[in-house]
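Engineer: Chains as they are written, first to last, in this note's numbering: chain B, 1 to 290; chain R, 1 to 402; chain W, 1 to 236; chain Y, 1 to 338.
A few of these clues could be false.
With a cut-off of at most 27 angstroms between alpha-carbon atoms, the simulated BS3-like pairs for lysine-lysine come out as follows [stated by the list, open to error]:
1. R/K192 - Y/K150
2. Y/K166 - R/K137
3. Y/K166 - R/K101
4. R/K275 - B/K118
Partial selection, computed: residues in chain B whose CB lies under 8 angstroms from chain Y [unchecked claim]:
5. G100
6. I104
7. F224
8. L263
None of these hints come from the bench; they were simulated from the model.
What you are looking at is a predicted structure, and each value in this text was computed from that prediction instead of being measured.
For glycine and all other residues, C-beta sits at the position ideal for the given N, C-alpha and C.
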Amino acid sequence: MDGLAHQIVAGIATGGIYASVALAIVMIYQATHHVNFAQGEMATLSTFIAWSMIQAGMPYWVAFFGTIVVSFAIGVVVERILIRPVANAPVLTMVGVFIGLLLIIGNATGWIFGYTTKVFPSPFASDRPLFGGLVSAHELGSTLVTLAVLTLVWAFFRFTRLGLAMRAAAYNPRSARLVGIRVGWMLALGWGMAAAIGAVAGMMVAPVVFLDPTMMLGILLYAFAGALMGGIDNPAGAVLGGFSVGVLENLAGAYVVGTELKLTVALAIIIGVLVVRPSGLFGRVVLSRV
Amino acid sequence: MTTSRRILLAGSAALLAAPRLVRAEESPGVTATELRIGTTYALSGPASAYSLIPKCVTAMVKRLNEEGGIAGRKINFLVYDDAYSPPRTLEQTRRLVEQDKVAFLFNNLGTPTNSAIHRYVNQRKVPHLFLATGADKWAEPKQYPWTIGWQPSYRTEAQIYAKHILEQKPEAKIGLLYQNDDFGKDYVNGVKDVLGPRFDAMVKTASHEATDATVDSQLVSLQAAGCDALVCGIIPRFASQAIRRVFDLNWKPMMFMSNVSVSGSVVIEPAGKEKAIGLITSDYRKDQSDPSWADDPGMKEWRDFMARYIPDGELGDNNYTYAYGVGLTLFQVLRQCGNDFSRGNVMKQATSLQPMALPTLLPGIMVSTSPDNYRPIRHMQLQRWDGRGWVRFGKVIEGAEV
Amino acid sequence: MPTLLEVKGLKAGYGPTHVLHGLDFRVDEGGVTALLGANGAGKTTTLRAICGMVRTEGAIDFLGQTLQGRATEDIVRRGIAHVPDGRGTFMELTVEENFRLGAYTRRDREIQADFDRLCGWFPRLKQRWRQQAGTLSGGEQQMLAIARALLLRPKLLLLDEPSFGLAPLIVQEIFGIMRRIRAEAGVGILLVEQNANLALELADLAYLLETGSIVMSGIAAEIRQDEAIRRSYLGY
Amino acid sequence: MSASKGLNPEAAIGPIAAPVATPAWQRGLYLLIGLCLAIAPLFLLESFHLFQLTMAVIMALAVLGLNIVCGYNGQISLGHGAFFAVGAYATAILMSHFDWSFWATLPVSAVVCGIIGYGIGFPALRLAGHYLALTTFSLAVAVPQILKHKSIEDWTGGVQGLFLVKPDPPAGLPLSPDQWMYVVTLIVAGVCFLLAWNLIRSRIGRALIATRDNPTAAEAMGMNIASLKTRAFAVSAMITGIAGSLSAVAIEFVAPDSFSIFVSITLFVGMVVGGVASILGSLFGGLFVLFVPNIAEAISKAAPGVIYGVILILFLFLLPGGFAGLIRSIGHRLRSRS
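Extracted from the complex, chain B is given alone in its bound form (with noise of 0.2 angstroms):
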């Protein structure tokens, strides 16, 4: 039973990557309600970004703070240029601007800064493992790190009025044009926010998996799983689910089905929320009476 537990505490480390990923994509959903397909490339070129300033000399969180403020700048621009000339197109435009967008972030990803793997430094010291080496300080903090953000989205979401106006725009853009909210600036503010948020997790999440350009490729799926099963909308059960997909996946690959389909795993996760609970497990059931 041993082994148990220690798959558990694995799965919840490797969850805390998930976890961080899914909150950046629940974010942009609240903010915009697209799946953006590239939003685990677009976390990459982050990363990168934050590696470069990191060889240029800069003080790690320097290139910390610096890198959320450029994502932030991408996330935006990328809105104003790509999406919202197709913001009234039907979904499967809006579908193939995302795979443009994966397909263009990601090469041009490989091609400035190469396929070699590259080491990523984590902030938190790395020479005391915890839980008998289960689970390294880097982990540890990377996952306060999700909390954090998580519990700042929440707060911006729950009690600030530009929150407020952000959810409004994403649910119902007409309606929020009434009663004066600039629709167009929250989706781009949603991007920027979202971005932002993918450059963190990247950050996170490189000093554990190391920084390459398809670092977040398979990560992604779990990711979207974890979103999926912690309610699309909901930023608290998006990370929930995101350690609850890392638990399960250790569980599954370690006891069920073998380590071969972990993957098939996240599949499975995601094809049967949708199908049994659209909502996720922790999703509130949105009902309407017209």
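Model the placement of chains R, W and Y on the given structure of chain B, informed by the hints.
Structural biologist: Using the frame of chain B, we list chains R, W and Y on its own:
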């Protein structure tokens, strides 16, 4: 110039044979002034980290052409992108063979990709030389006489580890961590070769996917199974993770790492130099980050070449040392061809290389081939990480004898 | 009473087709103007045109300034609140959040006071304060939509068929509230309604639309008295 | 739009007008021209280009499959590479393990893909728009992993893949294997295109389009939307699966690495660039996905993917109807001028 002298000496026996004078125009890809050679590589996409290899070979070809080329001919080295997709490899290979009419193919990248063209090139009788893959299947001269590998296969490497474990810890419980693809599976096969029927009782396997975030879960399983030896057939990214995690878990197995993932600067340093102490691998190349090769003439030759031809190249990347070795092997074949670059003769010379040392290979490791030996490099030496560098121990081991 | 909204030669439509063919009408400050007409006459489009939600030609002047070519958000920020067809409440958000959104553009300190005042007007909303708007009944949603619009502290309120789909009793209640708005808030109202009788009772001015043109206009009370008009145009 | 005030007539018509009947002689003429265009390369091209063209036709067929469910029926799929893979493996397994002839494997491959497509069509019913895209995207990412799973390794050859051999030209026909492969591909693809053409122009085809453009109205007209959508998925999977079968024999090799997520993305790009909801567009799409990587490689050796993405977005922005839309609008302009 040291290069050519070294190779001249090594290949003197072949040079003594009188060149058969065949009109060059009769062979595809060969004119009076040009020799055309092609390859396919992943120049784009995830596997394009390896694109440094053709980049290096192209630079070597440039140097060779500046020095006068081969038998009065300039070499034209064509590199096409297959994005590591087998169907694309076939398309690009057919383009090279049928449209560009290359004399032969050299150092194509990847196992699935080369598998897709394996039969095509053999049907067409196009030499398919020194592939950039460590799979075991390229040494079948009877069925596929036109295809030949270069580096020792992963399977051979795994055999060496398994044998070493049996010598040191006959009652070991072996954990085998491998990536679930052709590369990783070869480690399973190699260990199986040595252990035979004892495999199931002695070995606990755990695979991971290239898309996985971490290999923590697998390591936890293997540790929980009571393994006291660990063989890892994994790529650098996961290697660093595994070294670090095994240390953190306070698990002290006899740990073996695929020589794909033992670069001091790429793998060991990220994991922590002290955390890797005791790690064992077997290699045929010199690790350029190892200070003991600082004054080695072979590595100096390589560094001079890099400084002149690829000044912006990342010297810590061992793709460059690999490329330098395989490139020199090609040039030796071309020199042995004399003036006859017909496909038949190219293949004949490629499969009759007298034992030859190369500047970027470990001392004592020779490249040699014969018509029934399609494994140019069969030797490796075990080495152990001592906290600062790799320390070789034991004698040079010939994989095929294991 | 001074003029609040003056519309001249308003043309509007979707794509290449015109739905409105040159309308002239006005709303006075604190007054109620009713737009009457059958389904498809262009009433909803007229309201949308004022709010900048469709492409328009002609003059739309609000407090002496043109609204032509402005974005919806800007028009709203000038003091025009629109309760559109389908109500435009935020179904997924709570009643409280809908209230907060209503006051989104305001920065004054009286927002809380307005919340209390409107809760007094709509006690049912107070009861459902933390419930999702989507769970409210149709009447409650209509009340929420009106409350949400009033929280903007508009000078002009555009109402698109507030009685649509509601039970007669609820309709009575809502019209009662509109009388109150008129009396207490001093807000000008442009009311689109199919229930001509109710609308004329409330309105000062009335315009009758038919296929995108005004076929008749006048003082509401007079039209209400005129049996001929009622018979031929309003059908009751 | 408010549902309470009736339907918006524009939305009901949709971006693509209902097909207009063409006179029979004209259709015959088009068919004849098409046939000549299709057969000519057999005699004009050397074998490498013929091989490329064969692959282009195969990709076109796969794009056609995607177009049926995605273009005509509006169910977004980013996972059609999965059906392509299943078709390829069905043929490869039957040919290499059981020595079936290529022709005999085709119906099996079609049926297997049809069943799997039908199966996937069910959860798809409950997923719309982004969610369906996301789910199928996940499927495509997971495909290589499933293909090499050890429980089916004896059949699939695991990571090593399977080898098979092109069908030989029938004795007496003076054709090389490459030429014969082209003919085989033409025949199979031609039949599929004709069937698809007829399907789209039939009552079912109109129902598919109606379901895409206005499900409420379609349901009100008595169409069984669930059954239409799942069947569309099945037919679509069948066609893409047959394309997979053809690709297996044309390449003579299948391996998990041949069916990465990029196959699915490629098909999607092919559909958008060729023309969404256009039979002819699928053909352009096939040509595009085969030849553009080469062009992209020529523009930028380092990042053809960037060029690919840029082309995709440019098409979405400037030519949402794809090549087919471009040709259609040129045709309209010419006709209205004369």
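Engineer: Hints first: check each against the structure and report whether it holds.
Structural biologist: Status of each hint after checking the structure:
1. R/K192 - Y/K150: 16 angstroms, holds
2. Y/K166 - R/K137: 22 angstroms, holds
3. Y/K166 - R/K101: 23 angstroms, holds
4. R/K275 - B/K118: 19 angstroms, holds
5. G100: 4 angstroms, holds
6. I104: 4 angstroms, holds
7. F224: Holds. Min distance 6 angstroms.
8. L263: 5 angstroms, holds
In summary, this structure violates none of the numbered hints.
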